[in-house]
Amino acid sequence: EGVDLVLSSWLPPRHPIVVDAIKPWAKDIEKATEGRVRIRVLAKPLGSPPAHFDMARDGVADITYGLHSFTQDDRFKNSRVGQFSFLGNDAVSMSEAFWTVYTEKLGAEKEHAGTHLLGLFNHGPGMVHNNKRPINKIEDLQGLKMRVPGGYIADLMSHFGVETIFTPSGEVYEKLSRGVVDGVTFPYDAIASFNLADYLKYTTTIPGGIYNTTWFLVMNSGKWDAISPADQEAINKLSGLAFATRVGKAWNGADERGKKAAKEGGMVAETAPQGVLDAIKQEASVLEGQWADSLGGDYDGRAALAEFRKMTGVDV
Amino acid sequence: MTISLVAFAILLALVFLRVPIAFAMALVGGAGFAWMRGAEAAGSMVGSAVFETGMNYSLSVVPLFIFMGNVLAGSGIASGLFTGADRVFGRMRGGLAMATILSCGGFSAVCGSSLATAATMSKVAMPSMRRFGYHDSLATGAIAAGGTLGILIPPSVIMIIFGLLTESDIGKLFIAGIVPGVLGIGLYLVSVMVAVRLNPKLAPEVREPLAMKRQDIVGVLATLGLFVFIMVGIYGGFFTPIEAAGMGAAAAVLIAAAVGGLRLGALWRALTDAAIASAMIFAIVIGAEIFGNFVTFAGLPDALAELVYNLGLGGYEVIIIIVLIYMLLGMVLESLSMILLTVPIFYPVIYQLDFGSGLLANPDNALIWFAVIVVVATEISLITPPVGMNVFVLRSVLPDVTLGTMFRGILWFWVADIVRISLIVAFPVISLWLVG
Amino acid sequence: MIARGRFVLEAIAAGLVTGLILVTCFDVVGRYLFNNPLTGAYEITQVLLGALVFVAMPLTTGKGGHVEVDLLMPILPPVLRRMLGRIGSAIAALVMLYFAWRLVILTQDQFHTQLATSGLGIKLWYFGVIGVLSFAVSALVAVLRRPE
Ligand code: NA
Ligand code: NA
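One line per chain: the protein sequences are A, B and C, in this order.
Residue 66 in my numbering is what sits at position 20 of the first sequence, and the numbering runs on without skipping anything.
Residue 298 in my numbering is what sits at position 297 of the second sequence, and the numbering runs on without skipping anything.
Residue 1160 in my numbering is what sits at position 107 of the third sequence, and the numbering runs on without skipping anything.
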């Protein structure tokens, strides 16, 4: 008797999120339910990364995780609260804030309809890395070719004259080493996990991060309903806010390794000077406003963002 | 594990009863998935497998590398390369078969696909070998085996896919394939010599070699030029290995039009044939994806990994077991599907193996070495019955030669491949020498 | 009729392969000569490739280009051989029909959510429709084709 759950994982098997968050979480659930709920992490994903939300909804797998920005549609519009600039300086406080704000103020459950929402999280603060010049004034961004993940940061960067290029993260190394791009926007962890230190020179950090990406962890609703209320309770204790803390710590550890790799690779890190920050702030508030105005009915995007920043202790 | 084995058995039965491989895999995989997860989940999985395979950026190298081969075949370049190579071996018994091997090697250095290499050389080399009285088995064997070099000597579709699956440096993977590829050419040449020594009926008496013509020189130089263009482009940092497919295709058209006498009609055929061959490969990849999702779900990868751990074996022992698994899978699976199914399972295992000190102490080196082993095992699968893709390609070009005759001729080269993979496993330096 | 249909598909497929080559060339050459890479080369390649695979699928099917193992065939009588060929084609046709059906469902979903590529915002449902047509026609071709 019990429930066997299958988790489809698309990140490389040695990725810190898999090793330090997903797998330990799965093990703890098995322990907490005294072996009645068992989670098997598959060796190979059952579909492409962007398919992972639908896979949980349609029961292809029982549990999946992924990025909200994978699908270019308005399904997860409210999740963008966690993708703007100046959101926080570490992945734990941001992930906790994202879970709290998105579920309490912006209807996260509704946007993840068809699944049971287990977790929401951010990675560490996003920064600008390039191999051409330090960003001392905002005009220094002009003409740089940068790989960006799309969405908010793409709009922000294009506004400052950056030539934005989209390519999967696995190919960034090839593109950087051949000068297809001059730089990337990434949190620190990517320097180590994609081995980028050889081809980057300058890191520009922005207090609170220049952007972030938001992630979900969901379960097929039918499977969730098949779990006994007592075991559901046990899973809930380990999920939600508790999972945000756990996965945030994993990201922070990954960022530490990335920072070390950057230093060893001779990369120079500097905080963006006030002029650059002011220019970003100005454009960021325009984009935030556009998003907030586009939200339907009862959602107050501005208040949600303010709440987010209050929780992470960022002043804009 | 049991359900996976049953599924493999059903798949094999369907394949033998003439159900096209792509659709047999999709059928068994989809039905198996539905059996475990329900029809709706299986349908959703099938739908996205079909759609997303078509839009998979990294697979764009498939039509382009095939097109490149078609252009060289459709102009005089490929046949010039072949007759040029014939000059080298003209005075030896089996010389044309050796020239086939050598020109396959040369062709592989500009073409990323084993199928394109085999298809081209069957059109170019087969008529000559028949005219001079070579036995069909040796002739087709040399072409099918020589064609496998296409994915080991850079550029290579399979190496690109391996690199993307494991997030390794594709440039280094390409370089690692060169020495094992040259070793392959050498061993194949030895195979021809041994074969004609043991069975003189396979090849005719020695004849006077043809004089080198302008076309031969053009063929050899054009191939060499294209190889240099691709290598300088990749290693000079001008384009990525994936972009090399598009750039190489364009360069091939320009070179073939300038010096190879490429006509408009031949260009049209090169384009449409590349499209048609690509759809065939994509259908198989779709089938492999669906079947792979099923066996993953059924827990086959975990069972294999567990097996490896529980036996408590050392690094080399695990590699040998993996090679044996590849030899078995290679019988029934097509090359690309084999890579897509197995590499995600095995490469995390490789990272954790202990190879002691030396070259393999660095796990990234171990992974490059493993890549070469996987590619050579895949090359072997291309000529191992019953599902040997290179043999099928030959069969479609030469419908009058039976599969049995072809596989008999291949046996000589198959033995050479076993020797080669043993050497590569025993001496990692063969693969890692040029990587540095 | 059939010949004309085939020619049209061949022409489109040839154009798509040419397009794939040109996209890379414009991107790479533009990058070096004019410091101006082709924006969205990645996405254009993706959609051209998707279209190519779908457009070529009926052609491949019509040519009998899908890989079959006919190792047993030489020892079987011709009648049995042809019968197996028919059954094999019928199974392939059913699978392709199922592909088409699942793509109908997928395409409805893509249309409903207006799913698009990240950079250029190319709507994905166009390609879903092409896929549906491709596999439906391929299934028909597989049934009508005479195996040797
Ligand atoms: Na090659
Ligand atoms: Na085989």
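Treat the hints loosely; a few may be bogus.
[As the list claims (entries may be wrong)] EDC-like mimics (lysine to aspartate or glutamate), calculated; alpha carbons at most 20 Å apart, straight line:
hint, chain 1, residue 1, chain 2, residue 2
1, B, Lys124, B, Asp137
2, A, Lys151, A, Glu185
3, A, Lys69, B, Asp137
4, A, Lys356, A, Glu150
5, C, Lys1176, A, Glu150
6, C, Lys1176, B, Glu53
7, C, Lys1116, B, Glu307
8, A, Lys156, C, Asp1162
9, A, Lys123, C, Asp1162
10, C, Lys1176, A, Asp50
Since the hints were derived computationally from the structure, they do not count as laboratory data.
**Hint numbers not upheld by this structure, sorted from lowest to highest** = Hints 2, 3, 5, 7, 10 contradicted; others consistent.
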